[in-house]
Every structure is written in structure tokens, then in C-alpha cells.
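As they're listed, the protein sequences go chains A and B. First residue of the first sequence: 0, per numbering that gives the first Met the number 0; consecutive thereafter. First residue of the second sequence: 0, per numbering that gives the first Met the number 0; consecutive thereafter.
Rather than coming from a laboratory, the hints here were simulated on the basis of the structure. The structure presented is a predicted model; accordingly, all values stated were derived computationally and were not measured. Just so you know, not all the hints are guaranteed correct.
Over 10 Å on every C-beta distance to chain A, these chain B residues come out as not near it, computed from the model [stated by the list, open to error]: (1) 73; (2) 74; (3) 102; (4) 120; (5) 158; (6) 182; (7) 202; (8) 203; (9) 214.
Computed cross-link-like contacts, DSS-like style, restricted to lysine-lysine with a CA-CA straight-line distance of at most 30 Å [as the list claims (entries may be wrong)]: (10) 127(B) - 129(A); (11) 415(A) - 247(A); (12) 206(B) - 78(B); (13) 415(A) - 293(A); (14) 78(B) - 353(A); (15) 127(B) - 70(B).
For every residue, glycine included, the Cβ atom is placed at its ideal position computed from N, Cα and C.
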Amino acid sequence: MAELIKLTIDGHDVAVPRGTTILEAAKTIGAEVPHYCYHPGMSSPAMCRLCLVDVEGAPKPMPGCVTTVMEGQTVHTQSEKARKNRQGVLEFYLVNHPLDCPICDMSGECNLQDYVHDEGREQGRGREPKRVFGRDDFGGDVLFYGDRCVMCTRCVRFMSEVEQDHRLTVVERGDRSIIDTFFDEGLDGTNWHGNIVDICPVGALVSKDFLHKARAWDLEHTPSVCTSCSQGCNIDLHTRDNLVQRIKPRENLDVNAWWMCDHGRHNYEWMNHGDRIEAPLVREDSGSRAVDWKSSLSSILARAGELGNQPVKAVASPFSSNEDLGALAQLVGALGGGETTFRSSRAEAEVPLKGFPTLVRRRDLAPNRNGAELIGFKRVGNDDGFGGLDKVAEHDGILIVLGDALVDQTPDFGSKASLYIYLGTHDSPAARNAHLVLPVTTHAEHEGTFTNHEGRVQRFWPALQPPGMARPAWLVLGALVGELTERSGPRKATDAFSSLSGAVSAFGGITYDDIGTRGAVVNESVSLTGD
Amino acid sequence: MSDIPFKNPGWAGNTGEFDLTEEQVRGDDFVGVRPKHGGHASGAGTLPYMHADKHPDAKLFEGEYGERFDKILTRYPTKQAALLPALGLAQEIRGHVSPEAMDRVAELLDLSPAYVRGVATFYTMYNKRPVGRHLVQVCTNISCNLAGADEVVAAFLRYTDTEIGETSEDGNFTVIEAECLAACGFPTCVQINSRYFENVTPTEVPKICEHLKAQGE
Chain A
0 MAELIKLTID GHDVAVPRGT TILEAAKTIG AEVPHYCYHP GMSSPAMCRL
50 CLVDVEGAPK PMPGCVTTVM EGQTVHTQSE KARKNRQGVL EFYLVNHPLD
100 CPICDMSGEC NLQDYVHDEG REQGRGREPK RVFGRDDFGG DVLFYGDRCV
150 MCTRCVRFMS EVEQDHRLTV VERGDRSIID TFFDEGLDGT NWHGNIVDIC
200 PVGALVSKDF LHKARAWDLE HTPSVCTSCS QGCNIDLHTR DNLVQRIKPR
250 ENLDVNAWWM CDHGRHNYEW MNHGDRIEAP LVREDSGSRA VDWKSSLSSI
300 LARAGELGNQ PVKAVASPFS SNEDLGALAQ LVGALGGGET TFRSSRAEAE
350 VPLKGFPTLV RRRDLAPNRN GAELIGFKRV GNDDGFGGLD KVAEHDGILI
400 VLGDALVDQT PDFGSKASLY IYLGTHDSPA ARNAHLVLPV TTHAEHEGTF
450 TNHEGRVQRF WPALQPPGMA RPAWLVLGAL VGELTERSGP RKATDAFSSL
500 SGAVSAFGGI TYDDIGTRGA VVNESVSLTG D
Chain B
0 MSDIPFKNPG WAGNTGEFDL TEEQVRGDDF VGVRPKHGGH ASGAGTLPYM
50 HADKHPDAKL FEGEYGERFD KILTRYPTKQ AALLPALGLA QEIRGHVSPE
100 AMDRVAELLD LSPAYVRGVA TFYTMYNKRP VGRHLVQVCT NISCNLAGAD
150 EVVAAFLRYT DTEIGETSED GNFTVIEAEC LAACGFPTCV QINSRYFENV
200 TPTEVPKICE HLKAQGE
């Protein structure tokens, strides 16, 4: 621990390690110093001049983002001098800003809007015409509105310092400055450029995918975990009208800091996919018939009772939560035991973020491969996520498929099974020969946890209403386990997780409270094969 | 008498009373074009030098210009530091810094093309577009403006029949306004290619232009 420096900020005594900046020290007492160019994940050029604070004894206001604290210093962030200074700086920002908030995507979460609303002048004094740049397509997902830009250069620094691909630069000088790439080069081919839209403090860089789709104040934010690879980036699902509108990274310095990859960011449409299975379906000679949950579950129990202890084969998906997989493993155990497998696809190579080396788009393209392996599922099949189920297809005992759509399998997959249950979200090839098709929810619709590549268990929360009678798989499977073992099944996700942590030593002693929003690492070292 | 038909052809001191030519004042080394090898390494890359004859399609940094580029590199601790003189050299060869030239400079100096573009566009002395044989930069900053620089600009535009920044039809002239040329004692100052013309008045403008056309320099 570095030496502590004591100083006073806005009348509060603060003690922070030597080398802390005034802006960061002010954060510890909850005083936010307005800023644009400063971002905790990058260098500070101190060029936006908005974080200038009043330091007693200093001849001029000091930039809070680069001025380090000194013993006995007295800092005022809200004094007349500091506020007046910010008001002046903000007036300059508005000299050329188009104030097109009503048609700007950033409106509602824009720092310029917030700061001017808080501390700006009521009326602008500028009478000169504003200079006009129009907009520029940067390629990829990024659109640049030059007029709105405040020249904080966060995007330029993200590309050069964090992604380390110096594509963006400030072109021209003075009030003609704009952000641009090398003429038509654009951002195509970079894998992390979506982050520059997140860090843009104004509406200069906007996402084409989200363009004019929703207003910021209409969106519900639900903390979740990205399912596009085993990194498990912390995200927020932004939803409106029961649809995911966009994904934003959620800060977690242990996993993804403030960033996420473009692939994960745009891989959300599947959560909005219609055509869901909305009720349990029983296959009869004349076709499928929708039934209620109670009769579907009791028919499974009755059939399982008739069959006695037949060998069970279960195929799960690595997109299922730890709770789902734990409940499935327990069900297989309660039915007399058998073989539990899963298939998952692996990319050719990983895609690292050079400036934050622990953040990598991992080769495993599923969020819970490690969870599945810790719970005792065996990975089969090829790196494309197909194959490996020849014996399962011919199995003549009880067959349970959870989540895997089996698109590569022949039409007679599972036709020999004495009891074939498919738990899925959509009608798929896996449902063809299933005696019972049970509707389950996606991870966006229920609460649960994933275990990422390093064995970090991370929670996600329900963001969407599940369609029809769809229920979380852990609830359905847990109810069956409860009936078979004559105990009560889980009512809440936390029950399902505690029953998992009781059964699997890797999760032993971990509770939902421990995991919180930051995650908790499992007790066992996990295999990092190929990562 | 000097054979130069107007006063002050580009160096302070000649008020029309001397018979000395520019060569005699400055010495042979200083007159006309900079030697292609760039002279001594310590001066190999300083200001962007503008020739009347421009070769927009010339190969960059090859032959003697390649040697000069290497000479420039010896003056700096890192390749990145040689960016400004490298761009200056590209402009000397081609008359302007084209996107291809920026790309080539980026490649030679291990920089990203976007970074080179950022630097090249920051400095106004790099021409980002082709200019005429004679780039006429009229100072319109305060001293010159007080002495009537606006009329001088208007006279040049009238003579060349162009707007600011346009190249005349015969390809001879591009007229632009410049900020202070640091010759406030001799307003209005006009820099044409790499030479200063001082105390320029609107009536002299056609004379200067005719002279340049005739001389080609």
C-alpha cells in the first residue's frame, strides 16, 4: 500500500494513496467532477478542460484528471470559481454544437446534455453561424456525427492504446478538427470498435445497429452475462417492449473492465426470436398436443416408473446455466444414472484485446463450458459443435436433450428411445421424435449463473418476460427431481444453486450473495485447455 | 541596374537603389533550387521547399531523394520524429502531399496511415491538394492587412481569374491567404513558392505574375 495523502475536498477529509489524481480522490467522497477526455481505462490528455478544479493556493484552476493529490491540499469542486470556469468551458462547447438532441441517439445519456443542464448558461451568447461537417460512415457499426463531437479524443485513444490499432486520428486543426480514419480505410476488420460508441461522451459516435431504435430513457437495464464466448463479459441488457434493443458492457475490472467485443455486442437478436415453444407438447400419432405442466410432468414420472431403471443419456447445451445443468445431472442420478454429455463449438483462434490482455474473445463459443465440465458433463463432438452423438442417437433407454437443437442429426435421432424428453426454446430437429417437448426460457428470461473460462461464477438476471408457459429449465427439472426423491423442488434460482453447491464440490460454500454482481471463483482449478 | 523588373524580389534590403543581384547578396548556394541531395545532413530536412516544376507522379524517396530520406533519418532518434521532414520531402518532389504519399511515408516510418494523415492535415504548410506552378500565399494578418493586403489578394485573384485555393486554368497560379509570414516590416508580404515578395501593392501584382510566368520560377 502506497503512502496515504490527506487532503480536503469540498470540506471532506480524504485520505488516498500517493499518486491518486484529484478527480479520482473526489470520486471516493461521491463528488463527480465533470469530465470528457478522462476515462479510467486510458491515459488522460487533460484537453477537455472541464475537470478544472479550484485548488487553494494554486494560481489557476487545475485539471483534476492529471493533477495528483498533495498533502494538506484544499480542493473545491463546487466553489464559485470552479463552477464559473465550467460554465465558461461549456459555453465554448456549445459554440459549434448543433443541439440536435431531439434526433440524437445519445440524448438522455449524454454528458454534454447533463453538464449543460446542471451548470451551463441559460442562454447562449453565440451569434455566429455554426460550422457544419455532416456525418461520416466509419464502417463496422460506427457512424460519426462531426458536428456533435467535443474532441475529447477518447475514441482515438481507445483505438491506439487499448485496441492498439491506430485507425482513428484527429484530422485538421482548430475548429475544423474532426475524427477520421485514413480516408476510406474505416474501422472494418477491427474487433473491439463498438467500445468507442460507449465511451463517446456525446452523440458523435453512434451505433448503426441502434440508430433511431429507442430513446435512452425508455430502456430498462438488466445486468447479465454475455453468452458469445467463455470469457463471460459482464453486460447490461437494454430492453424495451420485451425485446433486447442493445447490449452494453458492464464494468467489472476482474473480467472485462469497461469493454466487450463487437461479436458479443451484436449477438442478441436470438433472444428476441419469435416462434417459441409456448406450452408443453405431447407427441401423439396424430401430431403434437399442448398440455399443461402438471400433466406433462406426471406423464414423465408415470412413464419413468413403468420403465424402471433404464440407462439414461442426457445431452445438454453449454448455453444452459449452472442451475439447469445441476438439476439435469440430479435428474439423471434420480432416474438411475447414466451418461451426461454436451457439445460446444470452438473458434479457430482467440481474439485478444491488446491493451487489456485478460480480456480475450475465447475459443470456446459458449458461456458455460466450464460449468458443464465441473458438474460432470463430458464434451463430445467436433469443434464446429456437431457430431459425437452416434450412440446417443441409437439409444433405446431414456433420452433427455436440454437446449441443443441437434441440427446436424438424422431425422431418426432418438426414435428408438423408450422415453425422449426435449427441453428447448424453439421448435427444432431435436423435437422431431421427442415424446415430450417442454418449453424452457433463455438466459435473458430467468435468473441463474454461468461459469466462465477461469472458473468465475457470474450471475445474470431476467430481462424479458418468458413467452407463454415457458419456465426455467432448473425449475422444470428440479420439480421432477423433487418428485422422484420425495423432496421439495427449487422455488427460486438461489434454491437451485444451493442444491448444486451441495452436490458439486467445486461450487461448495458459494452463495448468490457471495457472487453478487462481480462473480466468485469456484473452489477447483479449472482446465483451461486451448484457451 | 538589376534586371529584375520590380523591387524587392525576395530579400530584405533591396529598395531599388542597389545594383546587386540576388546571387551577389546571398551567394550561389542559396539561390534557386535547393540541391537535390539536400545539402549537409544537418539541414537535410527543414522547411518544405516548393519548386515551380512539380512532378505529381514522381516516385517518392527513390534515387537521390531516397538518399536524402536516409539522410533525414540520421538526424532523429526515432523514425516517428522524421515524419515532418519526410512529408516536406514528399511535397518538394510532388508539389503536394497526396493520400498515396501519406501512405508511403507511413509505411517507411512504421506509422499508421491515419496518424500520418492527422499530422499532415494539422500543418497548413503541407498542400493536401495539387497546386499551380506558383503557390501565391498572401499574408492577410494584421500588419499586411492594415497596409491593404485584401486588395493585393483581390488583385491576384483578378489576374489569375480564380477563387481562393483554386488553380488557374493555365496551371500557373494558386492563390491562398496566409497567416503572418513574419515580415511585418514590409507589408504586404507575399510568399510565392519558397520566396518572399515584400511591399507588394495591387498595381505590382500583374508585373510580378508576368515575371513569374516568363521566368518559370
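Verification of the hints:
1. 73: holds, 25 Å
2. 74: holds, 24 Å
3. 102: violated, 7 Å
4. 120: violated, 5 Å
5. 158: For residue 158(B), whose nearest Cβ neighbour in chain A is about 29 Å away, the distance exceeds 10 Å, so it holds.
6. 182: holds, 23 Å
7. 202: Residue 202(B) is indeed farther than 10 Å from all Cβ atoms of chain A, at 35 Å.
8. 203: holds, 32 Å
9. 214: Label holds. Min Cβ-Cβ 34 Å, cutoff 10 Å.
10. 127(B) - 129(A): holds, 25 Å
11. 415(A) - 247(A): violated, 45 Å
12. 206(B) - 78(B): Since the Cα atoms of residue 206(B) and residue 78(B) sit roughly 45 Å apart, the hinted pair is violated (cutoff 30 Å).
13. 415(A) - 293(A): holds, 26 Å
14. 78(B) - 353(A): holds, 23 Å
15. 127(B) - 70(B): holds, 25 Å
In the structure shown, a violation is registered for the earlier hints numbered 3, 4, 11, 12, in ascending order.
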